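Student: Using the hints, build the complex out of the two chains.
Listed in order, the protein sequences are those of chains A and B.
Numbered per our numbering, the first sequence spans residues 1 to 306.
Numbered per our numbering, the second sequence spans residues 1 to 504.
One or more of the hints may lead you astray.
Covered stretches of chain A, going by a simulated chain B footprint (3 or more residues, C-beta under 8 Å) [claimed, not checked]:
hint: 1; region: 83 to 89
hint: 2; region: 115 to 126
hint: 3; region: 151 to 159
hint: 4; region: 162 to 175
Simulated from the structure, these hints should not be mistaken for laboratory data.
Small disclaimer: the values here were computed from a predicted structure and weren't measured.
For every residue, glycine included, the Cβ atom is placed at its ideal position computed from N, Cα and C.
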Amino acid sequence: MQRYVARRLFQALLVLLGISAVAFALTHVIGDPVVLLLPPFEAGQAQVAEMRHSLGLDRPLLVQYAAFVGAALHGDFGLSIRQNTPALGLVLDRVPATAELASAALVVAVGAAVPLGVAAALRRRRVVDRAALLFSMLGQSMPTFWLGLQAILLFGVALRWFPTGGIGGFRHLVLPAAVLGVFSAAGILRLTRTSMLDVISEDYLRTARAKGLRETAVVARHALRNASLPIVTWIGLELGTLLGGAVVTETVFAWPGMGRLAVQAIFARDFPVVQAAVLFAATIFVLATFCTDLMYAWLDPRIHYS
Amino acid sequence: MTGARTAILAAVAALVMAGMAASPALTPSQAAAGGTVTVAQGAEPATLDPLQEISRTGYNVTLQIYDPLFMRNAAGQIVPMLATGYKIVNPTTWQFSLRKGVKFHNGEAFDASAVKFTIDRALLKDSPSNYLVDGVKSSRVVDPYTVEVTTANPLPLLLPRLMLLGIAPPKYYQARGASYVATHPVGTGPYRFQSWVKDDRLTLAANHDYWGGAPSIETVVFRLIPDPAARVAAFRSGEVDLITDFAPDLVPSVANDPRLKVDVTTGTRSINIMLDTGTGPLRDKRVRQALNYAVDKDAIVKNILGGFGTVESTLVPAAYLGYNARLRPYAYDPAKAKALLAQAGYPNGFSIVFQSPRGRYLADAQVSQAVVGYLKAAGVNADLKYYEWGNYVGMYFKHQLGPIFLIGSASAALDAADALENVSCGVWDSWYCNNGIQALYVKATATVDPGRRAALYREIQPLIYDEAPIIFMYTQKGIYGVNARLNWTPQNDETLWLAKSTVK
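Next comes chain B alone, as it looks inside the complex (with noise of 0.2 Å):
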């Protein structure tokens, strides 16, 4: 721990981010304001209280609405919103400067209070949004533009996550109710809310006053339309300017129109083969590694994700602050796995059940369909079991799933912590333990200072990669239809922002 204290005092200094005194996230737009943009997603917010709506599609319409205190731009950088600036006053609490003069939508000024109000709701047990302020302590208004954050300990990931905490207005809320607050939302954002059909469309307006710059396009629709192929109809006919989780099987259908494009980022969605390494001959990391080498990983994405994967030498993504470019996927190497086996006293293979869920990620069923072939081809005689996610989710929960499954996740702070924790010791999500890398693990998610955290992270991953404790997969890639009237570029951590786009 003392190399983190030492990293985080040093870190105490005033920290102003880089960038951060220039101009804020938003330049206002010069393009002429006007026009409609419509957007088409396949799920909708269940409701337009930011604090009680935590699904990415749900956020992707509440952050329009509202503003968090910090943000990334398209560039993967933290910019800040309607905090200025922040200081570690010590390594468990921080002060953060707010913006002056901005108000909410309905006139109510936004200051110290109505950040202190979202944090406490936020803090409240039963809030969705709880995960989002896990490890903080309290919250406190120094002076109307000044609050303090009291974490229990050190908490490096508290910037990150405070990005998807759109801020609300305490008064309007006690005023009105949370469930009035849900269908009437009112923030600081960018656009303002208009009207919601629910389960068909929802309306937001620009909001002229707003203080990054009055956006240039006026009006924001958002569609709902459940199925990938309809949304992708949607798309072609020129309805819908831009939709979310393009089926990639799909995506040649938009090839020869030069009106419409498809966008790619490399994706935060990682899926995954988790072995239980307590467990019979998953015990033996010869093992591990040639059912590793075992799987043709290339081909899988190639093949059934249509390529619109990347695969990894480890379980940390290439978006993730902390990922390790120096390492190489283990390669596709059948006759190396079956030595491999041998070696470990298996030559002639052996029996184990292999679960994975059925429609939760994109074409899961038939990634471990494959990859169970693969096992089968190196002596290994997975029993495929489906489920629906329903079921899947809550053994996941109670740690019943195993001895290999296939599982997905995402960190929405972007961080190595939120990967490497399915490998840490003594957490529900984890079905392995390492007291070496533990104790990494344990230093580098205590270390404030996002270099040396970093640092520490790829510290850790050749560790991993030759402890195997998983069948290291892929990560998803995010695809996007966009209309090429429409001027927007997706970003790494999915945040869909339109306050500075433009439309021809």
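So that you can see chain A by itself, here it is in the shape it has in the complex (with noise of 0.2 Å):
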């Protein structure tokens, strides 16, 4: 199990590295930052090359590199070009709202795929499964954006139940939380509804019924046990996702999370921003995928880590 867990972390950590490589490239693929940086009017040759040496952009690229993992470490992803504050403090501002918004958006999602990924499959081919299966493909299909729109305006405009839009007490958590949790939703529930389908017919299902147990029981402790592992892994890959904000929920509710603090960093070419969300982002999906792994363990004890 120690090795296990020592294996599952040097390769996160490699992942990571790699990561860092990316993002400290992408930077530099995209254009000579120092162009894309000075305000539209002319600027003086001796204006580019103090800007270029003041960012450090003069020094080989290795060498950047090198600065670049070693301050990262440290927290250190220089200051924002744009704010002029700390990058990762700009980045660690929008977690929390990020968080509420991951965390809700996932309760709505399990809350409503579990079960009714449970029932199709308890019911396959009637009518519940067919419902569950278009909300799923219907989930997945429709443009978030889209969906968001639709919902502003039906219960923002029309019905005035909810804002339309920005941060502030559970009222204005609701419509973001339920358009991005009906998207994860829709993955959750057709693996839910797959891996019941797998155990639905086993053996030991039989004999669980058999033994005259009550069918939720069979359902809740054999059958949908025995089912989780994939959901778990889907659920901890979508949180992690989550996590690392989401740019189009965020951007339409006007949400202010990591997600849109990233592209607006990308748009505005504040690498220092772009880097800290990247590799922060990534971070966050190293740690969840590692957690789900640990997970096994618990939820299925044949796993032995050897």
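Tutor: In structure tokens form, the structure reads like this:
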């Protein structure tokens, strides 16, 4: 077990190192940062050279990368070019809003998808099943910005039940969480249904029923527990994705989260913020995956890590 | 240059602006004070340091907190703010007399040292506000309420440029540091900073001690709603009272609601198709004129911009000083276009590259596509290439775009010089040069007297019109959504000024 965890950790670190290289390279691929950053008027050569020097962009690439990784390990991504404050601080400022939306969306997604998926599997090819599949198909194929705008127009403008956007109390959270949740739910639902169908015809379920267990107990304790492995994996990855920020939902609902910060930074060529956001999101994702791996042991005692 | 000199010397006599002695820019509102007004924009300032923030959406916030020396009123006239008047001592020396008894929100007194401090900071090479003091050499405190500004050459645009420079408190800056000021701004303006939830909302409270009279609206909230459709939705729900950059295609959605109105200004963002007059067929004036006749600009504005644009006869929009109202835009005349092309030796047209940004300007991609369609009808096969804005603007700065490309420009100073620079000689953002026109342009840009300067600009435009170094397109209108409970007028220079507004 310990060796397994150590190996996994090592792999995670390798992934992060790879991402750091990509994040570092990206900002140099999109064009000369100095030219992109200068305001739209004629800049003298001296000014360009001065800016390049002050940003350290005149050093060899490898030196720049080593300095970047070294500083990043200390949480130092430099100052935001646009806002003149520490880049990582800007990212961390957005974490509460993103975490709030991500966890609410995940609650919506799991709360809707798992029961529906189970029901669909139990009533295969019947109305519930068809409805669940239709919901899942629509949920995944409707663009989030479109669904979000429709939700705003209906519940925000026409009915006035919820605010059209922004962050605030619970009422502000409902629409974006529901819209983001529906998208995540679609995938979880399909997976729950398929996994349940896989185990539903297994002998141990027949045995469980034969020994007189109530149907709910059969489903919850035997079927769902055994079907849960891929579902948990999926939810873990989903959480990792959601915590990275949901760009489209955040934009439509004017939610001050990390996804939007990253996109704004990209548009503003604010590469310290882009790098901080990318590496932070990647770290969260890698951590979520790592935790999901560990969950296996708890869920499935057959898995031995040797 | 002699003409310009005389003009300046004529203005040397103490020049106090019309109306300057009259009441200040703002008359204290009679309506009962109170209430909250919420403004939604598509972007928010990166910082509240007035010297760091140079976007229009940013100025809309910072200019509530910081007063500049001068400002434009709703009628477009320049009115005194922290300056009460100016005197042109000699062609390169301006003296500004300052308002007395004004205090910053933290109690610090406003005087000449604050103006010098602000100008000096803008003069730093790495200051984003450097463009506002381009051509300024130095500033000097003459006495506590007089500041002298020296320019390298005569600089007629000094006054309008200073309208975007909010005056900052030097002691506060030096005590707290610029990065603290960026989130804790202190100015002399009608509103004082209250709170800021980044990427969500920024709250300002009325400055009851404002020198121009306390604003009637007690609280102003700036909300950030990046999605244009979501911004209109928030406006329709009544959550926000005022929105900027109203999407033209959504204007009909509020047509039947008496609580909501759409206010339109003639706008200053001019969209044009630039022609590299130094290469290939575009060297021939007849070809360039042919391209102007070939494009149905009215149809483009009507069908793609929903009518929210004005077809222009040159690249100088109506809102600028020096606009020539006597010119009529090139008519849509495909037959004439073909005839001119034939005369120039291209009876079967030619092939050329056409570059366009996608997503930077209102419907830019569709406009480019339509223009390419019209050109094709005239026999010119334009190969349309789209670019992401970051790359595009990089190529623009490096003078790498062309031979045909779409670009937008706007003059914050509302002066034709900023537009005509695009057809002047020897600058990075021009693809045309004509020595005769250049001589007039140089003369105009050194003429301080606005009337004389405007006359020179008006003289230039028929020449540019005839030379057609550009496919002259249109000016985008400014579209605002305004809740009927708010009494507010949009301004042509895009200034969003709430100190005089009232709510029902």
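Student: What are the numbers of the hints the structure violates, in ascending order?
Tutor: As far as the earlier hints go, only 2 is violated by this structure.
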